[in-house]
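Participant: In the order they appear, the protein sequences are chains A and B. Sequential numbering of the first sequence, starting at 1, is according to the working numbering. Sequential numbering of the second sequence, starting at 1, is according to the working numbering.
Since the hints were derived computationally from the structure, they do not count as laboratory data. Take these hints with a grain of salt, some might be off.
As the list claims (entries may be wrong) - Distance condition first, Cα-Cα at most 27 Å in a straight line; then the derived DSSO-like pairs of lysine-lysine: (1) A:Lys-78 with B:Lys-250; (2) B:Lys-31 with A:Lys-78; (3) B:Lys-197 with A:Lys-78; (4) B:Lys-197 with A:Lys-163; (5) B:Lys-250 with B:Lys-54; (6) A:Lys-163 with B:Lys-105; (7) A:Lys-163 with B:Lys-123; (8) B:Lys-161 with B:Lys-54; (9) B:Lys-54 with A:Lys-163; (10) B:Lys-250 with B:Lys-31; (11) A:Lys-163 with B:Lys-222; (12) A:Lys-122 with B:Lys-123; (13) A:Lys-389 with B:Lys-31.
These numbers come from a predicted model, not from an experiment.
If you want the building blocks of each chain, they are given just below.
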Amino acid sequence: MPTSRLQRLIPPLRKAILLAALPAVTAFAATAGEVRTSGFVASELRWFPETPQFQGQFSGAEPSLLLNPEFRYRSDDKRTQAVFIPFLRLSARDDTRTHFDLREAYIATRSGDWDVLVGVNKVFWGVAESRHLVNIINQTDAIEDTDEEDKLGQPMVNVGVEKDWGRVDLFVLPGFRERPFPRTQGRLRAGLVVDDDLATFESGAGNAHIDVAARYSHFIGDWDVGVSVFHGLSREPRFLPSADGTRLAPRYDKITQLGLDLQYTIDAWLWKFEGIVREGHDDPFAAMVGGFEYTFFQVADSDADVGVLAEVHLDGRDENRAPPTIFDNDLFVGTRLALNDVDDTQALAGAVIDAEDGSLSFFLEAERRLGDTWKIEAEARLLGNVDDKNTLAPFKRDSFFNLRLSRFF
Amino acid sequence: MPNSLLRNSGATALLLVAVLAPAIAETPEEKGFAVAARADRSDRGFKDSQVEMKMVLRNAAGQESTRTLALNTLEIPDEQVGDKTLIVFDSPADIDGTALLSHAKILDADDQWLFLPALKRIKRISSVNKSGPFVGSEFAFEDFTALELNKYTYRYLREEKCGALTCDVVERKPRYEHSGYTRQVSWTDQKDFQVRKVDFYDRRGDLLKTLEQKNWKRYHDKYWRAHLLAMRNHKTNKSTDLVLGEFTFKAGLRERDFVKNVLKRIR
Numbered sequence: 001m002p003t004s005r006l007q008r009l010i011p012p013l014r015k016a017i018l019l020a021a022l023p024a025v026t027a028f029a030a031t032a033g034e035v036r037t038s039g040f041v042a043s044e045l046r047w048f049p050e051t052p053q054f055q056g057q058f059s060g061a062e063p064s065l066l067l068n069p070e071f072r073y074r075s076d077d078k079r080t081q082a083v084f085i086p087f088l089r090l091s092a093r094d095d096t097r098t099h100f101d102l103r104e105a106y107i108a109t110r111s112g113d114w115d116v117l118v119g120v121n122k123v124f125w126g127v128a129e130s131r132h133l134v135n136i137i138n139q140t141d142a143i144e145d146t147d148e149e150d151k152l153g154q155p156m157v158n159v160g161v162e163k164d165w166g167r168v169d170l171f172v173l174p175g176f177r178e179r180p181f182p183r184t185q186g187r188l189r190a191g192l193v194v195d196d197d198l199a200t201f202e203s204g205a206g207n208a209h210i211d212v213a214a215r216y217s218h219f220i221g222d223w224d225v226g227v228s229v230f231h232g233l234s235r236e237p238r239f240l241p242s243a244d245g246t247r248l249a250p251r252y253d254k255i256t257q258l259g260l261d262l263q264y265t266i267d268a269w270l271w272k273f274e275g276i277v278r279e280g281h282d283d284p285f286a287a288m289v290g291g292f293e294y295t296f297f298q299v300a301d302s303d304a305d306v307g308v309l310a311e312v313h314l315d316g317r318d319e320n321r322a323p324p325t326i327f328d329n330d331l332f333v334g335t336r337l338a339l340n341d342v343d344d345t346q347a348l349a350g351a352v353i354d355a356e357d358g359s360l361s362f363f364l365e366a367e368r369r370l371g372d373t374w375k376i377e378a379e380a381r382l383l384g385n386v387d388d389k390n391t392l393a394p395f396k397r398d399s400f401f402n403l404r405l406s407r408f409f
Numbered sequence: 001m002p003n004s005l006l007r008n009s010g011a012t013a014l015l016l017v018a019v020l021a022p023a024i025a026e027t028p029e030e031k032g033f034a035v036a037a038r039a040d041r042s043d044r045g046f047k048d049s050q051v052e053m054k055m056v057l058r059n060a061a062g063q064e065s066t067r068t069l070a071l072n073t074l075e076i077p078d079e080q081v082g083d084k085t086l087i088v089f090d091s092p093a094d095i096d097g098t099a100l101l102s103h104a105k106i107l108d109a110d111d112q113w114l115f116l117p118a119l120k121r122i123k124r125i126s127s128v129n130k131s132g133p134f135v136g137s138e139f140a141f142e143d144f145t146a147l148e149l150n151k152y153t154y155r156y157l158r159e160e161k162c163g164a165l166t167c168d169v170v171e172r173k174p175r176y177e178h179s180g181y182t183r184q185v186s187w188t189d190q191k192d193f194q195v196r197k198v199d200f201y202d203r204r205g206d207l208l209k210t211l212e213q214k215n216w217k218r219y220h221d222k223y224w225r226a227h228l229l230a231m232r233n234h235k236t237n238k239s240t241d242l243v244l245g246e247f248t249f250k251a252g253l254r255e256r257d258f259v260k261n262v263l264k265r266i267r
């Protein structure tokens, strides 16, 4: 067990647990209610068919075990909730991926139009499928997967108010979470290993900087709209070579980001747009993702629905001065299949094509339930035609397949 | 007095005409609408309801699969606007916490949002298709949300025995676009005015499914609810039973309890 990594994660988590536990205990004492236990355990097999590009990286298959129990409490009047969701992955071959995180540990209560949440939570903003551009509250758990959908729990105080004219959320975010990166033996890393110990922060308080954010969201007829602002340490770091040139040092700049997400839902069409303007890494820049999803329902007299998706990515950042992105000028096309059967069989497949150099990343995600409590998920992420100057170049031999079998309880 | 006699008989005649005229002039369409409206209006004023239910899916070989879910409904008194519903799944365990919010419309597509707990993501979804299987069952979404009066045109067919009761048999045709059905035939009893049975005819006009509503109970001396909804698909021989628990009415739910951000904290 790589205790060093675990140890490093513990202090912010301890702080978060304390933050959440105090009001939780008070609430438990105040109102009766029930605690529900759910969640899953899973075993996973990830397989890299190609030999690694860099020295020290493992090759072949990597089995691992996941634990994700969920404990939920709700008061009898349903106004107060407490949630506790720890997460643990144990990898047999890649101690890079062995890690623990507190995904959620909060107490939330509401009164009238107002609600307050204190503790660790996960917040999702946005509408697009291939990139989550405006979604900024949580740090990405980059060693879980490459799709930026796995997130580290973020300590927060969240106050929300729901009115006829929409909802406003205010966030105070103490306890910055650094992005975890693969280490020497891990796949899906750059030639030089990212060393967390070398991380620097553009803030006098270092990683103790308190970030703030706000969001307005509403829907008007067929339109759903969200407007957000964030001020604090960038969730994406830049990378600077270490003094001896053997490692990469993550650099977290202080940024201000404005975000807009829009969806127009009409007939079987979903039209989506997400845009940001970010200031803080040298020159300000804008980025967007926009496109559609169209669904053919009950195709060919069957119960199955087939969707087609397309999204365009544009990103104005200067990659020498801002964190790198693979979505600088790309096109995503994909298809979604839902069989609408008893086992909820579904699949999503797609490809992101770099419009400048033709680099291609393809993915397939498929899942179905087995019986009432098991689920099987298959995933493939394949890279092809990767240009040597593309951000994907270090990963060009890291195409992989993943199979997960989960038992829910 | 002859005069008054004349006046009286005149009044009687007028009264007779007034009573008989609607019956004589009533078309099968008007009579069908009247039956449906009486059933619909017998349910007026329930304000809100909460119920937990079990869905038992059976395939042709008799294999069973179960889902449990909770359904909250907010009555919107205006007949030109549909009710608001919130469905939260409890099992199978992998979809625990998945929730669906609907703001029903009469002729337009509903506004619908789906909450995916794994990503904590609220998604506005397309609702034009309500005729597909709802979570793999023999119920389509429109089967339990499309009961708004003005979603159909009606035609009275006949009177018929239905168990111990006498039923009005009415044909109804969906007025809204994208329905999976060309027509439905409903049996509404003449005593309590509740829909006891519905036949659903598919887009080709063939008999597709039959719904039987059983185990009725009256709440607050007014609101009838069936506690077993048995849907049988005649083409696949698959069936789904919806077994409903005790209803709670008038719990004081508000519009604010049916907005999309509620989906995140419903569990």
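Participant: Decide, hint by hint, whether the structure agrees.
Facilitator: Hint check:
1. A:Lys-78 with B:Lys-250: Answer holds: Lys-78 (chain A) to Lys-250 (chain B) is near 16 Å, not above 27 Å.
2. B:Lys-31 with A:Lys-78: It is violated: about 45 Å lies between the C-alpha atoms, which goes past 27 Å.
3. B:Lys-197 with A:Lys-78: Cα-Cα ~36 Å, so violated.
4. B:Lys-197 with A:Lys-163: violated (42 Å)
5. B:Lys-250 with B:Lys-54: Roughly 22 Å between the alpha carbons, so the hint for Lys-250 (chain B) and Lys-54 (chain B) holds.
6. A:Lys-163 with B:Lys-105: Answer holds: Lys-163 (chain A) to Lys-105 (chain B) is near 22 Å, not above 27 Å.
7. A:Lys-163 with B:Lys-123: With a Cα-Cα distance of about 20 Å, the restraint between Lys-163 (chain A) and Lys-123 (chain B) holds, given a limit of 27 Å.
8. B:Lys-161 with B:Lys-54: Roughly 30 Å between the alpha carbons, so the hint for Lys-161 (chain B) and Lys-54 (chain B) is violated.
9. B:Lys-54 with A:Lys-163: violated (34 Å)
10. B:Lys-250 with B:Lys-31: violated (32 Å)
11. A:Lys-163 with B:Lys-222: With a Cα-Cα distance of about 34 Å, the restraint between Lys-163 (chain A) and Lys-222 (chain B) is violated, given a limit of 27 Å.
12. A:Lys-122 with B:Lys-123: With Cα atoms ~16 Å apart, Lys-122 (chain A) and Lys-123 (chain B) stay inside 27 Å; holds.
13. A:Lys-389 with B:Lys-31: Not OK: Lys-389 (chain A) and Lys-31 (chain B) at ~75 Å, beyond 27 Å, violated.
Checked against the numbered hints given earlier, the structure breaks hints 2, 3, 4, 8, 9, 10, 11 and 13 and satisfies all the rest.
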